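K.L.:
Please construct the entire structure, taking both the sequences and the accompanying hints into account.
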Amino acid sequence: MRLHEYQAKSVFADAGIPTPDSRLATSVDEAVDAGRDLGYPVAVKAQVHVGGRGKAGGIEIATDEAGLREAAESILGMDLKGYHVDRVLVESAVDFTNELYLGVTMDRGEGEPVAMVSSEGGVDIEEVAAETPEAIAREGVDPAFGMHPYQARKAVYEAGVPRDVSRAVASVLETLYDLWEANDASEAEINPLMVTDGGDVVAADAVMNVDDDALFRHPDLADMEEESYTDDLERKAGEYGFDYVRLSGNVGIIGNGAGLVMATLDLVDHYGGEPANFLDIGGGAKAERVANALDMVFSDPNVDSVVFNIFGGITRGDEVARGINDALSQFDEIPKPVVVRLAGTNASEGMEILDTDLVQVEGTLEDAVQRAVANAEEVPR
Amino acid sequence: MSVLVDEDTRVVVQGITGGEGKFHAGQMIEYGTNVVAGAVPGKGGEEVHGVPVYDTVHEAVRREDADASVVFVPPAFAADALFEALDTPLDLVVAITEGIPTQDMATVNRRLRDTDTHLVGPNCPGVITPGEAKLGILPGNIFASGKVGLVSRSGTLTYQVVDNLTSRGIGQTTAIGIGGDPIIGTSFIDALELFEADPETEAIAMCGEIGGEDEEAAAEYIATQMDTPVAAFIAGRTAPPGKRMGHAGAIVSGSGTGTAESKIEALNNAGVPVGDTPEEVADHIEGYL
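Protein chains in written order, with my numbering: chain Y, 1 to 381; chain G, 1 to 289.
Read the hints as simulated data drawn from the structure, not as lab findings.
One should not assume that every hint holds.
[Said to hold, decoys possible] Result set (EDC-like, lysine to aspartate or glutamate): computed pairs, CA atoms no more than 20 Å apart in a straight line: (1) LYS236(Y) x GLU288(Y); (2) LYS22(G) x ASP318(Y); (3) LYS336(Y) x GLU378(Y); (4) LYS43(G) x GLU20(G); (5) LYS22(G) x GLU46(G); (6) LYS286(Y) x GLU20(G).
[What the hints assert, rightly or not] According to the in silico footprint, chain G covers these stretches of chain Y (three or more CB under 8 Å from chain G): (7) 141-150; (8) 178-189; (9) 207-217; (10) 276-284.
Computed from a predicted structure; not experimentally measured.
A virtual CB, placed ideally from N, CA and C, is assigned to each residue, including glycine.
P.N.:
So this is what it looks like as structure tokens:
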């Protein structure tokens with residue numbers, strides 16, 4: 001789960017990391033009120049889950065009320081890389097002499113946390129990582145002990161952070177690690193951490209991704225998720241608890257297990273079709289969950305055809321078949337043709353239950369995908 | 001022959017009184033697996049499928065001489081169950097549980113380094129040596145005994161590829177589902193090393209997916225350390241950059257590695273053909289035999 005900038009900033013501020021004064025606004029008038037409270041100049045920042053907001057026109061600086069009104073009018077309601085902007089953060093602009101990068105994440109290869117510092121902040125840090133990896137100091141952390149203060153200092157010195165702020169930056173890095181750990185984050189980043197004329201450091205941006213699997217330990221963060229959806233289908237997927245990704249094609253795909261669902265997407269592409277989505281019903285799905293999955297995919301107006309690919313292990317074919325029947329029997333006419341491929345645990349029981357008046361059945365993955373692609377091609381566009 | 005498990009493996013099932021634990025313990029016993037005990041705190045003295053349940057893994061191991069464990073403990077308690085298993089100690093621990101917080105797995109992984117235990121998983125379908133034993137949730141009926149080793153990051157993709165193999169009469173020595181989480185016990189390289197050392201394994205099918213760099217590392221290992229031929233499938237060619245596809249692991253970083261292209265290129269450079277479809281993987285394997 002990705003937090004919005006304003007949500008992440010509140011978590012960072014609560015942990016003691018300096019952040020600029022700011023107000024959230026959902027209308028131009030609220031933005032203008034915020035400007036009056038904060039004083040000028042202010043930054044107006046779109047609150048959507050995309051990177052590179054600045055380049056895409058989602059961040060503007062306003063030096064007076066007229067400028068703020070204009071910025072808020074242009075950003076609120078805009079479409080930013082496919083996301084509708086319905087709220088902005090209005091924030092005191094920071095005068096800075098230097099921009100740094102701080103981040104904490106899980107190093108998959110090492111199987112342990114890693115803290116990172118770069119004196120080349122304020123830019124696309126992934127580009128820096130790809131082109132000049134030596135510009136990022138990395139410090140692996142033993143998860144049994146957490147980050148020792150010397151490790152934070154070491155990373156800060158190695159990154160060549162200006163000496164007059166090295167102590168302050170190390171302290172922010174320690175705090176960032178602690179809050180990363182305490183909140184079960186997968187990523188916690190500050191880019192940029194601004195160094196002011198007066199030698200203070202301020203987190204001008206804040207990124208935090210929380211491990212979905214750990215949300216049960218963090219009800220406060222789980223509540224934030226409610227406010228973080230900006231797309232109706234994503235909201236629905238969140239309510240149903242599905243792993244769902246919307247794509248640009250017209251063949252709807254439902255399957256069990258991320259690897260098999262991805263392979264199904266790849267096969268749709270291989271046979272000349274275009275996947276409309278990734279939807280993993282997960283392991284051990286019961287009939288109701290299967291019905292919810294069909295509801296999700298039918299809700300996407302781009303979908304012309306659906307393929308259901310189930311290879312049961314912990315998931316049982318009879319449960320899946322029951323779910324498909326339940327979902328489809330509610331329609332007088334099935335909205336989009338559905339092809340089903342059912343294999344593995346209790347597949348033969350499932351095939352007996354499955355109402356073949358409602359769906360088309362194929363015996364192999366390849367046949368099922370080809371039929372779904374053909375079904376989609378028959379729909380006039 | 002087989003790797004990791006065989007008909008003599010003595011298995012304790014952690015979480016045997018839960019819904020999934022009970023169902024799959026039954027399936028494992030039906031398959032012929034030597035399930036000797038269950039371990040569930042507070043349920044000591046009960047029996048499930050005629051198997052005695054103990055309060056602790058220690059007691060189960062001591063009383064029933066178990067040497068492997070399968071973990072069906074819910075995610076919130078799974079890390080603790082794994083620490084308990086690693087403290088016993090067992091030769092093999094298979095963690096089926098899906099959704100264990102990544103930071104929990106980092107601490108488990110840290111402890112694992114100080115043990116001699118093989119951990120497979122978590123979030124995996126388990127390990128099966130067809131005709132001898134299965135530890136996990138794999139549907140036994142699709143497997144057949146034979147000469148192909150299989151290692152996969154995805155459970156259902158494992159079943160798909162096995163189905164493609166078995167349906168044309170190609171059996172397996174052992175199949176290992178290593179799981180798709182960011183932090184796992186047994187890696188591709190660990191599994192490949194086991195198969196390379198197994199004289200019965202004549203070819204290996206490997207199923208990877210986007211995210212991480214394990215496939216790239218495996219390619220390097222195959223090129224420099226292995227004689228057994230490998231064919232691969234990589235899921236996620238059509239995944240858009242930056243989108244999370246199910247597993248926490250399956251995220252494309254955008255920095256070049258971790259993509260399907262990067263993995264396919266690395267494998268091709270190591271002499272490993274990568275099928276466009278699971279059927280094509282079976283074609284390559286057939287060619288090796």
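K.L.:
Hint by hint, where does the structure go against what was stated? Just the numbers, ascending.
P.N.:
Every hint satisfied by this model.
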